[in-house]
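> First to last, the sequence lines map onto chains F and W. Under the numbering used here, the first residue of the first sequence carries the number 1, and numbering increases by one thereafter. Under the numbering used here, the first residue of the second sequence carries the number 1, and numbering increases by one thereafter.
Treat the hints loosely; a few may be bogus.
Which copy is meant is left open, because identical chains are indistinguishable; a pair holds if it fits in one copy or across any two.
[As the list claims (entries may be wrong)] Derived BS3-like pairs: lysine-lysine, alpha-carbon spacing no greater than 27 angstroms straight-line:
id, residue 1, residue 2
1, LYS194, LYS130
2, LYS37, LYS137
3, LYS90, LYS137
4, LYS194, LYS137
Hints listed in this document are in silico derivations from the structure and should not be mistaken for laboratory results. All figures in this text were calculated on a predicted structure; none of them were measured in a lab.
Number of protein chains: 2
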Amino acid sequence: MSDQHIVASFDRDLEAIQALIMKMGGLVEAAILDAAKSLETRDEELAERVRRNDRAIDELEERVNEECARVLALRQPQATDLRTVLTVMKISANLERVGDYAKNMAKRTSVLVQMAPIEGTSGAMRRMAKAVETMMKDVLDSYIQRDAEMARDVRLRDQEVDQMYNALFRQFLTFMMEDPRNITACMHLHFIAKNIERMGDHVTSIAEQVIYLATGEMPDDSRPKDDRTPYDKTGAS
Amino acid sequence: MSDQHIVASFDRDLEAIQALIMKMGGLVEAAILDAAKSLETRDEELAERVRRNDRAIDELEERVNEECARVLALRQPQATDLRTVLTVMKISANLERVGDYAKNMAKRTSVLVQMAPIEGTSGAMRRMAKAVETMMKDVLDSYIQRDAEMARDVRLRDQEVDQMYNALFRQFLTFMMEDPRNITACMHLHFIAKNIERMGDHVTSIAEQVIYLATGEMPDDSRPKDDRTPYDKTGAS
Chain F
1 MSDQHIVASF
11 DRDLEAIQAL
21 IMKMGGLVEA
31 AILDAAKSLE
41 TRDEELAERV
51 RRNDRAIDEL
61 EERVNEECAR
71 VLALRQPQAT
81 DLRTVLTVMK
91 ISANLERVGD
101 YAKNMAKRTS
111 VLVQMAPIEG
121 TSGAMRRMAK
131 AVETMMKDVL
141 DSYIQRDAEM
151 ARDVRLRDQE
161 VDQMYNALFR
171 QFLTFMMEDP
181 RNITACMHLH
191 FIAKNIERMG
201 DHVTSIAEQV
211 IYLATGEMPD
221 DSRPKDDRTP
231 YDKTGAS
Chain W
1 MSDQHIVASF
11 DRDLEAIQAL
21 IMKMGGLVEA
31 AILDAAKSLE
41 TRDEELAERV
51 RRNDRAIDEL
61 EERVNEECAR
71 VLALRQPQAT
81 DLRTVLTVMK
91 ISANLERVGD
101 YAKNMAKRTS
111 VLVQMAPIEG
121 TSGAMRRMAK
131 AVETMMKDVL
141 DSYIQRDAEM
151 ARDVRLRDQE
161 VDQMYNALFR
171 QFLTFMMEDP
181 RNITACMHLH
191 FIAKNIERMG
201 DHVTSIAEQV
211 IYLATGEMPD
221 DSRPKDDRTP
231 YDKTGAS
């Protein structure tokens, strides 16, 4: 087999894997939006569907891992090609985690529908989920186009998600202090908000992988995000 | 270079990488215990040290990634050897995440020392952290010895950590309902408890990688753990 043949085969393999990643991305985007919608409209059936569909995302991740291992063994890629394969594995792990968070959101929906709604929070959560879903869409575009600039922009937008989360955290504290009967619902809602914020962190991590892929360098501050609940003492005794 | 030479070189490379993993493991174990201790004894200096030391864990993960990429490119391992390298990368990613959780715990300590202590919770958290740290120690042993049985045992013990977390969750709800002045502190403590529970999930994930490495098969229910806050309605309106 000539070198050219090997290169062409590698490119074909990689294209097939990228197609799996895009399919995963599509399912994950839908899961984010559906999970948020099921929460806002108190739609248990939709929540149940999100939970069931997570299986398909998990299976796609397994297939990506298998295909990547196969390509590594068969084509023995070097340099940039090797980097690409390892990066793809990381991206699919991130996508799978976001899918898990969406599933966890949906699980809590079934619990929350049994409690009195907390006014004004589910709309804010939906907006937060929408922001993360748009980031996800854009980061997958940046991946396909190897567009570091676009990935950098996605990375910056994660700060808006953090701000939305911080605002919600304060709102939950207020609701709980106003009326102890809100405490359990707010604890669950807070978890959901935190899960959405963590989804944003995973999208950011994908953006960093894209930057690495496009430029060969990780962005300066490349570590996974901190746990960023506001460290204030509002209402503390 | 003869085949035998290549094999010997691969083994040497792998040993060097495994030494990095064990070093990471040691630092992560210490971080878990120190973070819990700083919380219980309200020791801000120790908390600050945990935060600073996380950098070393992050750097080790980067080195593991670089070394693995180098080995893949240079030795082009096949079959079991390839599987081993890919597994090592996953294990180091899990260790790094546990380190991050310990750092986040330590960050919250600095906030919590400024609030009135919540009786009886920090001892329970220390016990939970200790359980996770012991699991971590054992899973690293099982990794070095490729001992699937030991890894299975670690995996089962994660259920105890989950039970400890569930008990704490209920305690926090009670404290918050008893006195709204406890709400902010309990929200932070709850986060810490959840972080410890998530550390247990990452240890479980390492155990699954060890089982895969030792037997060639993932355990039946191999998906990452769900978000397992009790889905009850205690105190809900």
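> Report the numbers of all earlier hints that the structure fails to satisfy, in ascending order.
none
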